[in-house]
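Q: Protein sequence lines, in the order shown, are assigned to chains A and B. Each residue of the first sequence is one higher than the last, beginning at 0 in numbering that gives the first Met the number 0. Each residue of the second sequence is one higher than the last, beginning at 0 in numbering that gives the first Met the number 0.
No wet-lab data here; the hints were simulated from the structure. None of the values given here were measured: they were computed from a predicted structure. A hint or two may mislead.
Stretch by stretch, here's where chain A covers chain B in the computed footprint (C-beta under 8 Å, at least three residues) [as the list claims (entries may be wrong)]: (1) 16–30; (2) 38–48; (3) 108–118; (4) 148–154.
Some residues of chain B that are not near chain A, with every Cβ distance over 10 Å (derived) [claimed, not checked]: (5) 13; (6) 63; (7) 72; (8) 85; (9) 100; (10) 143.
Cβ atoms here follow ideal geometry from the backbone N, Cα and C, with glycine treated the same way.
2 protein chains.
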Amino acid sequence: MINKELIDNNNKTNIVILRIGHRPQRDKRVTTHVALTARAFGASGILINSKDPYIVKNIESVVERFGGPFFIRDNINAFEEIKKYKNMGWKICHLSMYGICYSSVINDIKKEKNIILIVGAEKVSGEYYNISDWNIGVGNQPHSEIAAIAIFLDRYFLPNTDRLVSKFNSPKLTIIPSNRGKFVKKIDI
Amino acid sequence: MINKELIDNNNKTNIVILRIGHRPQRDKRVTTHVALTARAFGASGILINSKDPYIVKNIESVVERFGGPFFIRDNINAFEEIKKYKNMGWKICHLSMYGICYSSVINDIKKEKNIILIVGAEKVSGEYYNISDWNIGVGNQPHSEIAAIAIFLDRYFLPNTDRLVSKFNSPKLTIIPSNRGKFVKKIDI
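Construct the complete structure from the given sequences, taking the supplied hints into account.
A: This is the structure:
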C-alpha cells in the first residue's frame, strides 16, 4: 500500500499527515479541514487512525474535482504505520504546542524529503513523542492543528509559494481569482 | 462596546475577526479553532454572528489561563457591525477561496492598522463581497478558514514572528518549549 501511494505521487517531496485520535462523530469537520489544508499546502496524503468513510469520500471527491495527486487512507494502525515508514528512512515530526519552535529547526527539516507529520485530535500518548525525530510547536499557545499544518507546510516549501494555485493535475474545476464575485472554470472530461 | 474593546487592546494594530454563518451545534469546534488561531496569531478579538455561550466561555477561559488581551463577543448583527466599523475608517477584508491572491495585496493591507477580517462558516452572501475592500484568497483551493487566517495574520505581521510565544500579558500558564515531553510553568496569582 505504501509503495502504491508513493508511486502514484510524483512530488519530489513526500510529506504525509498522520491524524491520530480521530473520533468520527466529534472530529469529522476538523479532520476534514486538516485533510484539505494538507492537500492545498502541498502534502502528498493523509492517514487517519480510525475508520471514517464519510471523510474518505469527501476528500476523494475534492481530489477528483480540484485535482491531485493526494491520497487518503483511513482505519490504519497508527503506531505500526510510523514504524514502517521509519524503517524506510522517513523522518517523523510531531506538531504539538509543547514542542520546540518550528523556526529553530525548519532548515534541518527541509533537508529531509520524506516526512510523516503527526497531528493529534485528542491527548497524544508519550510513545508518539518518543518515536518522533522532532516534536515541534508552531508557537506554544493553544490554537489549532489546522493552523499549525498550514504554517509548517508553508515554511517547508518556501520560497515556492505557488503550489496553492498551480500544483494540481487534471482539475475539473478551477477558481479564477477575483476581487468581486465567484468565477469558476469548469472543464468537462 | 466597540470603544471599550479597543481601549482594552493595547496593540498598535487591531485586526478583528468576524465569523459569519456560525451554527453552534455544527460549527462549535471549527469556530473554536478559528478563535484560538486568531488569538495566537495576533488578532485583537473575534465577533460571532450567533449566540454561543459555550464558545465564549471556552475562549475567555483560554485568555484567563494563557494571557491576553483578546476579546470575544457573540450574538452580533454582522452586517450592521461591519457598517459601524467601516464608518470609523476601518478596512474590510473577506477571506474566500474565490478572492484575489493574498500575496498580491498584502503590502497594501499592511498599511492599514484597523481591519475587520471576515470568515464564513457557510455560503457567504453577495453583500459581504460588495462591502469588502478586499476579497482575498489564501490560494484558490478548497481548504480551511483556520489555515487562511493563520497565513493571513502571519504575513500581515511579518517580519515580527515572535508574537506566538511572547505577546500575551499576565498568563497563568506558560509552555516551556521542549523536544521531548510536556513542560508547563504555572504562575499562581
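Q: State for each hint whether it applies.
A: How the hints compare with the structure:
Three residues within the 8 Å Cβ limit are the bar, and the segment 16–30 of chain B against chain A gives 4, so the coverage statement holds. Figure legend: the segment 38–48 of chain B, annotated as covered by chain A; annotation consistent (3 residues with Cβ-Cβ distances under 8 Å, at least 3 required). Counting residues of the segment 108–118 of chain B whose CB falls under 8 Å from any CB of chain A gives 0; the rule of at least 3 is not met. With 4 residues having a Cβ less than 8 Å from any Cβ of chain A, the segment 148–154 of chain B passes the three-residue criterion, so the hint holds.
Every CB of chain A is more than 10 Å from the CB of residue 13 of chain B (nearest about 19 Å), matching its label as outside the interface. Distance to chain A confirms residue 63 of chain B as a non-interface residue, since its nearest Cβ pair spans about 12 Å, more than 10 Å. Every CB of chain A lies more than 10 Å from the CB of residue 72 of chain B, the least distance being 20 Å, so the non-interface label holds. For residue 85 of chain B, the shortest C-beta to C-beta distance to chain A comes to about 17 Å, beyond the 10 Å cut-off, and the non-interface label holds.
Distance to chain A contradicts residue 100 of chain B as a non-interface residue, since its nearest Cβ pair spans about 6 Å, not more than 10 Å. Residue 143 of chain B, annotated as away from the interface, has a beta carbon of chain A within 10 Å; the closest lies near 4 Å.
In summary, the numbered hints that this structure violates are 3, 9 and 10.
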